[in-house]
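Chemist: Can you make the complete structure from the sequences, with help from the hints?
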Amino acid sequence: MRRWQLIAHRGASADATENTLAAFTLAKQQGADAVECDVRLTRDGTPVVFHDADLVRLAARTERIDLLNAAEVAALRVGDGEPIPTLAEALDWSRDGLPLVIELKAGADPTTLAERVATVVRSIPAAQIACVSSFSPLILSAIATRLPGVPRALISDQPTNAEATAGAIGVQALHLAVGRWLGAPPFEPTLVWTVDDPAVASRLLGEGARGIFTNRPHLLAELRVAA
Amino acid sequence: MACPSCGAELVDETAICQACEGSSSANLPAVLPPPAYPVRVARPPLPSLLRPVLPIAGGVAAVAVMASLAVVGLRLRPPVLRLPRRAEHDSDVPLIEIDESIVIRTRSARVRVR
Ligand SMILES: [Zn+2]
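Protein sequences, first through last, are from chains A and B. Sequential numbering of the first sequence, starting at 1, is according to the working numbering. Sequential numbering of the second sequence, starting at 1, is according to the working numbering.
For the record, the hints were derived by calculation from the structure and aren't laboratory data. Treat each hint with caution, since some may be false.
Stated by the list, open to error - Computed, partial: chain A to chain B, Cβ under 8 Å: (1) 52; (2) 135; (3) 194.
All C-beta atoms in this analysis are idealised placements derived from N, C-alpha and C, irrespective of residue type, glycine included.
Modeler: Structure below.
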């Protein structure tokens, strides 16, 4: 029996603060194969691991990440006093942790974002990268030339045109929203986000999904143990 | 309104929850188009190896789905998964199976930068 890919969405984000090293470590303990994280640029161009454009939801503050510099972001705390990791810190964690699925959020200039991310990736020896992903074809194209050999995945919440777009920009995988799954993978391989229900996950896998992004790796890991 | 899945406050009730990104069926119907084919809510037959594990999780999931349906209630929204009307999965085919190519590809995707 082959294993499918169980990817912790922002780490074990149902049980720890999302996109923190604590959540990544918990994801490994819960049996994930890889950790997905979100990356944005600070004002001074440092890639940091944070999902939202602003701090409202996670830190009850109104500032935007891209208007703070790296030192200001480093001083912030989220959840139970966890720091916001830089991409470099996340990659350093991956060396003895799990491979990272690095989602590059749109917002910054694609060329600048790709350049900064590539520089960080090259600076961390033995980092594990499962792939770089993005909703933005422009970002994925910019990454292709700067990190050749690193797999790329297109993220989509639309079933239509996903296959054509993925094919056109030459990515290695499609990451599709669960709400847009129509009973079969529109691209090979298609991995589906975000599923916490084992019954839903088993059904998706039965219909050809090659991986699942989940906030609760321990629940879906039970499926795999059984297999 | 709070996200039925994770409890986070939904700023936009028609959008995917930013906290969990639609992790359960509960918060997805509002953003789904009409179902393309009849909805089946029954779980597919499971390979025998999975049967010892899934009833508990499945039971919890069923309660969750029923609870979410109760939340969605009389709006008669469809559940998230609009699955094709397949009589049964082929019982000879494991429900969870990955072919060799993706495993190889995934392993090779583990890039070590030196
Ligand atoms: Zn939610």
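Chemist: It remains to establish, for every hint, whether it holds in the given structure.
Modeler: Here is how each hint holds up against the structure:
| no. | hint | verdict |
| --- | --- | --- |
| 1 | 52 | holds, 6 Å |
| 2 | 135 | violated, 12 Å |
| 3 | 194 | holds, 4 Å |
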